[in-house]
Amino acid sequence: MYVTDPASRDVRGVLQPSPLQLGHLTGLSKLAMEGTCLSTGACQLPPNLLELELSSYDRTDGIQVSVQPLLALTRLERLQVLLDNNTKATLMFAQLSSLSSLQEVSLAFEWSGASPATWEETEATAAGIAAAWRVLPLRELRWSIAHMPAAVLQQISALTGLTNLALSGGCAGRWYGCLQATHAEFALARTQLTALRQLSIQGFGRMAMPSVGDDVVAALEVGGLPAAAHLYAAEVSSGMDALDTSRAYLHHGCGSIALLLQAVGTLSALREVCVVLPVQLKSAQQRRVMQDVLQQVLPKRIMDCLEVAASRVAVEL
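When we follow the numbering used here, the leftmost residue of the sequence shown carries the number 1420, and every step to the right adds one.
Everything labelled a hint here was simulated from the structure, so no lab data went into it.
Where is the CB? At the ideal position from N, CA and C, for every residue including glycine.
Any given hint might turn out to be false.
[Unchecked claim] Cβ pair distances, simulated, as ranges:
| no. | residue 1 | residue 2 | range |
| --- | --- | --- | --- |
| 1 | 1730 | 1446 | 53 to 59 Å |
| 2 | 1573 | 1514 | 21 to 27 Å |
| 3 | 1516 | 1726 | 20 to 26 Å |
| 4 | 1710 | 1466 | 56 to 62 Å |
| 5 | 1730 | 1514 | 42 to 48 Å |
| 6 | 1724 | 1466 | 43 to 49 Å |
| 7 | 1579 | 1699 | 44 to 50 Å |
| 8 | 1472 | 1440 | 15 to 21 Å |
| 9 | 1466 | 1730 | 21 to 27 Å |
| 10 | 1579 | 1720 | 20 to 26 Å |
| 11 | 1577 | 1449 | 28 to 34 Å |
Given only the sequences and the hints, what does the whole structure look like? Please build it.
Next comes the structure, spelled out in structure tokens:
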């Protein structure tokens, strides 16, 4: 069953939501609906729902949304939600941890409108959102955001039950989103998500300026990334990334790519992979060097699906 937004006009002619009343549908076990239907805590959903899909959970024309009706679904096992730029609703979803029947949660979060002027606010808010998700049985997370703070990646690395992770920076023309973590931090975060079966990372340019200490290298070695860790550390200590001599804010260096892809290679449960990293390899010789270096440190299953091109290095499995 699919339900769209019920609404009525008030005395001023302004469209106002009417509380949804589906409590009488006791035989319904699966429901797909628009999140804006849940305008107030007075809304009622079928009490015996096992699966619920909310295709859009945003604030449209000033209409607020509520998670209160979901808290009454004591038999709910699976929840799938698309969140559109609604910070308040996203944070409220942490309340669903009280549903002992809930086994799987899938979230797709599309956060638009981020700009350099609001990045500091974005970082604090996004980190709070990711922390709230840790209390849920999150199995699938798709997050599209132009600016991905390091704090968010740290929180995501704690979601060890994830089986599907997709991070998208999106791009308009030549501009890419930005991951504000070092490659070493990002690699460590990936190695902790051992249950991942599907991984997608696209649309992100270079992360924070490279930095690495002995403690990070040691942690990477323990995590099974010794070769790439030392290659990355050597590049950082030399003050530059190999094959990356211009537009440092955008392109990934050879050691950085090796570190990230070797981290992906340690995830033995992976069945589907799509990782695309922008580079600047104008000559065939540069591309051969990149290919040769990666061949020394990457597992065969990653090398077999590796593409080294002038503008990108990609792994699609």
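Here is how each hint holds up against the structure:
Look at residue 1730 against residue 1446: about 55 Å separates their beta carbons, and that is inside 53 to 59 Å. For the pair residue 1573 and residue 1514, the beta carbons lie near 23 Å from each other, so the given range of 21 to 27 Å is met. Look at residue 1516 against residue 1726: about 41 Å separates their beta carbons, and that is not inside 20 to 26 Å. A beta carbon spacing of about 59 Å between residue 1710 and residue 1466 agrees with the range 56 to 62 Å that was offered as a hint.
Evaluation of the 42 to 48 Å hint for residue 1730 and residue 1514 yields a pass: the beta carbon distance comes to about 44 Å. In this structure, residue 1724 and residue 1466 meet the distance hint of 43 to 49 Å, their C-beta atoms being roughly 47 Å apart. Restraint check, residue 1579 to residue 1699: a C-beta distance of roughly 35 Å breaks the suggested window 44 to 50 Å. Checked against the hint of 15 to 21 Å, the pair residue 1472 and residue 1440 passes, with Cβ atoms roughly 19 Å apart.
For residue 1466 and residue 1730, the Cβ-Cβ distance of about 54 Å falls outside the hinted range of 21 to 27 Å, so the restraint is violated. Separation of residue 1579 from residue 1720 is about 22 Å and conforms to the stated range, judged on CB atoms against 20 to 26 Å. Between residue 1577 and residue 1449 the C-beta distance comes to about 30 Å, which sits within the given range of 28 to 34 Å.
In summary, the numbered hints that this structure violates are 3, 7, 9.
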